[in-house]
Amino acid sequence: MARPGFVLEVDRSTPPILTWHGEGFRLERLPAGRSRVIYAPEPLKPLDDPDEEIRQALLHPMGDSAPLPDLLFAGMRLTIAFDDISLPLPPMRRPDNRQRVMEAVLEMAAAAGVDDVVLICALALHRRMTEAELRHAVGDRVYDAFAPSGRLLQHDAEDPAGLVHLGQTDQGEDVEINRRAAESDLLVYVNINLVAMDGGHKSVATGLASYRSLRHHHNVRTMRHSRSFMDQERSELHSSNWRMGRLIAASGVKVFQIETTLNNDAFPEQMGFLQKREWEWTARDRGAYLATTKSLSLAPPRVARSIFQSIKAPHAMTSVYAGEVEAVHRATTDMVYRQQLVAVDGQTDIAVFGLPHLCPYNVNSIMNPILVMCMGLGYLFNLYRGQPVVRRGGVAILSHPTPWAFHPVHHPSYIDFFEEVLADTTDPVEIEKNYEARFANDEWYRHLYRTSHAYHGVHPFYMWYWGAHALEHLGRVIIVGGEPRSVRRLGFSPASTLADALEMASDVVGRDATITHLHCPPIMIADVS
Amino acid sequence: MTGDDLAGGARPQRRLPVSPGWLADARSGLRGRLRPLSSFPLGTPPWPATVARPPVERTLGTDYDSDWARSPLARTGRAVVQEVLAAPLVKLLAAPTVTGVDRLAHLDEPVIFAANHASHLDAPLLVSVIPDRWRRELFVAGAADYFFDTRIKAASFAFLLNAVPIERQRVSRVSARRVSELLEDGWSMLIFPEGGRSPDGWGRPHRAGAAWMAQRTGRPIVPVHIEGTRRILAKGSSRVHPGRTTVTFGAPLRADPAADPRVLAVRLEEAIAALADETANDWYTARLRAAAGTTPALTGPDGADWRRAWALGRPRRPERSRRRERWPWNA
Amino acid sequence: MRALRVERSLTRFAAARISAQPHPLRLADVDPPDLPGADWQVVRPLLSGICGSDLATVSGRSSRWFEPIVSFPFVPGHEVVADTDDGTRVVIEPVLHCRIRGVDPVCPACAAGRTNHCERLVAGHLSPGLQTGYCRDTGGGWSALLVAHQAQLHPVPEGWTDEAAVMVEPTACAVHAALAAPIGHGVTAVVIGAGTIGLCTIAAVAHLRPDVTELIAVAKHPEQRRLARELGATHVVDPDEIRRAVRRATGSWILDQGQLTGGAGVVWDCVGSAGSIADALAVAAPGATVVLAGMPGHVGVDLTGLWQREIRLAGAYAYGPEPAAGGRHSFELAMEVVGRAGLDRLVSARYPLDRYSEAIDHAAHAGGRGATKVVFDLRNERRR
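Protein chains in written order, with the numbering used here: chain Z, 9 to 537; chain B, 326 to 656; chain D, 11 to 394.
If you are wondering where the hints come from, they were derived from the structure by calculation, not from laboratory data. We put the beta carbon where it would ideally sit given N, CA and C, even for glycine. Among the clues, some could well be false.
[To be verified] Cβ-to-Cβ under 7 Å is the rule here; a few derived chain Z residues that face chain B:
#1 102
#2 103
#3 262
#4 401
#5 511
[Stated by the list, open to error] Result set (EDC-like, lysine to aspartate or glutamate): computed pairs, CA atoms no more than 20 Å apart in a straight line:
#6 53(Z) with 627(B)
#7 230(D) with 152(Z)
#8 230(D) with 428(Z)
#9 320(Z) with 427(B)
#10 53(Z) with 434(B)
Using the sequences provided together with the hints, build the complete structure.
Next up, the structure:
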């Protein structure tokens, strides 16, 4: 039986707590009497026969949707869109959820004799995936069946001929999405809902949209009013996507949504200590911890990075729902919350976030300083429902080496953002006003996004906006163990140890400040009362 | 210049130093030379024709008791031979590309692997590519009349492949019981439902044994399609031509307890045909044709031998290379 | 009188190359130079700058090109502000051209006023020497006294500090470099290097080139970055950021080999190393001009891009009348720039002659130590 999440009050007998630190981790001792640690719930029991569950979900859809086979007919145009490389984290072992679901859908399409099928990776402004990454996501069978004939596509948000403007919402938001998807008789969207932010109308309205459409909700104002974006009810990001999604439906685009959830079994058995409570570590866990940290400290960064990037999570499917978008998404969100929600009593002065080697935007890549900011202040800070774990004016302490390192192919515009924009200002509003348009319309970034494997020119801005709410909310941000030069460029303060960081934080929040450490990953959502 | 190089002459065949033909020659030669040593009194005396023989206990064929081959010692020995000798040799000769293992990802019970059969290489090939979960506890259903006719053959196959004798035509009560006991005991089975190797490259009609066994034990059947072994070692050939093979695992099939086993047998045959189609074309085309009932049959067209051979054509799929070349090697 | 003197000694030059110490330089008591002619007079230096070319000379790294156009032993120092005997403060224009050498008739270049192109640097009644500070007969700025021709003297405006005056000669070089590239319209330009020449060039471009709307400066050290921004650079970037910075500013693309498809209309290379010239060629737009304002010496550079994109590579040496500024002289323009931009702030350290070793070392590592121009202070020297 999987145990629920747990909040530990740190006392004098509490062992040091595992804190992620990029491609590595440290054991950090937290001050007794005023610290607590939030542990994620243990992995839920997976589905026994996921393929059968998927088939059943397709045959008995939710909401007012007809069963999938009834929507399929010979001679139709069928488009299947699926989530890109940013999900799940870490990438899951084969077979991926997407492969299972797509094969089930295609099996039914084949039974109905559908010839015109196109698969589209709904990557929005993310980088195009490589062949190996696509094979991993959709499986070799699907890849070999569709890619050679050009029927496995990746969404291109900068292809004027490939987009269609469906209109404006009542708030004046442009809705412009992938033409093939919009003009199909049926659009099937295959989701992996790793966190509560994923899925719902956001799948199509964001994943298949253009910059012109995305800028209406990927901006500072929206992000500051999404509290948090893990909580749809209180997220402006979601309200906007929902308006767009309803407009898409009203424009006659028929969407059949399939959402899957995973348990948070994120690390292979030999690294099991990463998702255990420290006082339950066995001799084997301790040995594994020591061996891992020792060998990582000896390995050059490149090697450490490639070791961590090769981790494939033993994630297993815990649920699958299909049918009408909103009905499906309600059920899915409940499942995500069941796996991730931890009840937390009130806010604290200081939050400690150990940042892992991975965020949604550096799979098979490098976690550059901008992504460090986004991971810490965008994602981890926002893993709450109700109110942030740290109080207004409090301090966030991130732990990450934050090297001045960028992946030249994946993140070309990030380098420029870091060198030019952040050298000028770190204020999201200023940045949005003075720089966004130029980066978004830069021909070279556009070229790299469309033909290479680069994130769109505007993407680093979105990373910064992701943390806009936290920047406004927090009194100070300290990065433990970060390279001082890059930490300062981010506008944060570097500290060499957690003790130093807590000392520095006391300038802002006083001597007896309370501390909360989010023991993440595995992912959790703090339900803060 | 030798005759082989003449225009129109056959291309010289590369012949491995050890091939089945060579082995057979060597064995009979050796036997001839050893004969003086094996005759009485050094060997066993001949039985006088006038004296009645006591009834012989039959210990070969279906009666061969292969339990010893599943003793811990034999299992260890077999594992060593398979990993150290057989698997590398198979890789060298058959260079298998294995697909579809992901279809078995969530299975953790014993299963019945049922494959098409074109070559003696099929069993060793499969034994070396079946996922670890099943490989160590796998037995091969071998034709009692072919593999268990002499003591040496029986012992060798029992040891090397963990072969268990089974009738080709109709499964007897004895072998059925033995096989189902093993399946229930946690062992998985590899069986070739065609009952023998293909003589001409086309498949042969399935026999119901595999389906019947699945029905009886409730174990799922995993259809497997093997492509390419015939080009390496065809039936009746004594030469081995190293080449490439593809092994495709299909989604497991489960018996419907209420239905006739023959229904499952038909499903299995169709599944393997669809896997063949998938290997030759692509998965979605194969699924479209399977749904429309137009999957090309593995048994080939009816008619004269030459027409069947003609329809077989050349290897059906060009070699696909996954190697990505970089400039300047591919300008 | 005391003077720092460079003597012709192969062993000393070789030792300097190895040890990075100013071995060819010696502080010696020497006879004051004789007046070579009627139009000559004695001047007494107040401040005398240490220039990049001086550093190359005393460290034995300068090109053999100079061998025939200098005469040993010489007293270095050509960035000089000095007093004449009648108490006028002057800056010296050091080029030793036909008129000064008593060559008559003058060479075609001098006849046209382009004295920096003079063809008779080895002729006339003076020993060979391209400038004061490289000629055995004139003396140089790193001493208590030298002789100068009437035509070399530019009076210093009233109220100027010596520091401002000593910046006139380097600024005149920068003015000449700034005007060496054709005037365009709405030009994005790059200045590589933020030493004295680089910063003076930035200032000169900011004041004399209204056509340059965006000026990207490449600076290595924090103090240089600050000064570059103050003097008029619109963007200041690290050396390894230059290609990306120019790409951003010009909206061009960057290709796999690091070259831009478009780029800057003018690039001033004020470093003169192989790396900086390669950067300059990589970020120059097709048809652009790359001006070498720093003394380059022996470098290895791939010129394919220069050929393929028809880039003009131009040298900029010394000063003369500037056609691009209505024929006004570089020195005259430099006085304006020094005054308006307040370039006296670039003088960061003064040393007496005795501490020449320290001075040279400071000048050689000026950027890293937050300094720009290091000068010899001779105001106490002459009273002895």
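Once the shortest beta carbon distance from residue 103(Z) to chain B is found, is it less than 7 Å? holds (4 Å)
Does the alpha-carbon distance linking residue 230(D) and residue 428(Z) stay inside the 20 Å limit? OK: residue 230(D) and residue 428(Z) at ~15 Å, within 20 Å.
Return the status of the interface hint for residue 262(Z): holds when the least beta-carbon distance to chain B is below 7 Å, violated otherwise. violated (21 Å)
Let's test the interface hint: is any C-beta of chain B closer than 7 Å to that of residue 102(Z)? Cβ of residue 102(Z) sits 5 Å from chain B, so the hint holds.
Straight-line Cα separation of residue 230(D) and residue 152(Z) no greater than 20 Å? violated (52 Å)
Quick check on the hint: residue 401(Z) CB to chain B CB, less than 7 Å? violated (49 Å)
Given the proposed pairing of residue 320(Z) with residue 427(B), does the C-alpha separation stay at or below 20 Å? holds (15 Å)
Pair hint residue 53(Z) and residue 434(B), alpha-carbon separation not exceeding 20 Å: holds (18 Å)
Has the given pair, residue 53(Z) with residue 627(B), been kept, meaning a C-alpha gap of at most 20 Å? violated (52 Å)
Closer than 7 Å between Cβ atoms is the bar; does residue 511(Z) clear it against chain B? Give me holds or violated. Not OK, violated: residue 511(Z) not within 7 Å of chain B, min 50 Å.
Violation of the numbered hints given earlier is confined to hints 3, 4, 5, 6 and 7; the remaining hints are satisfied by the structure.
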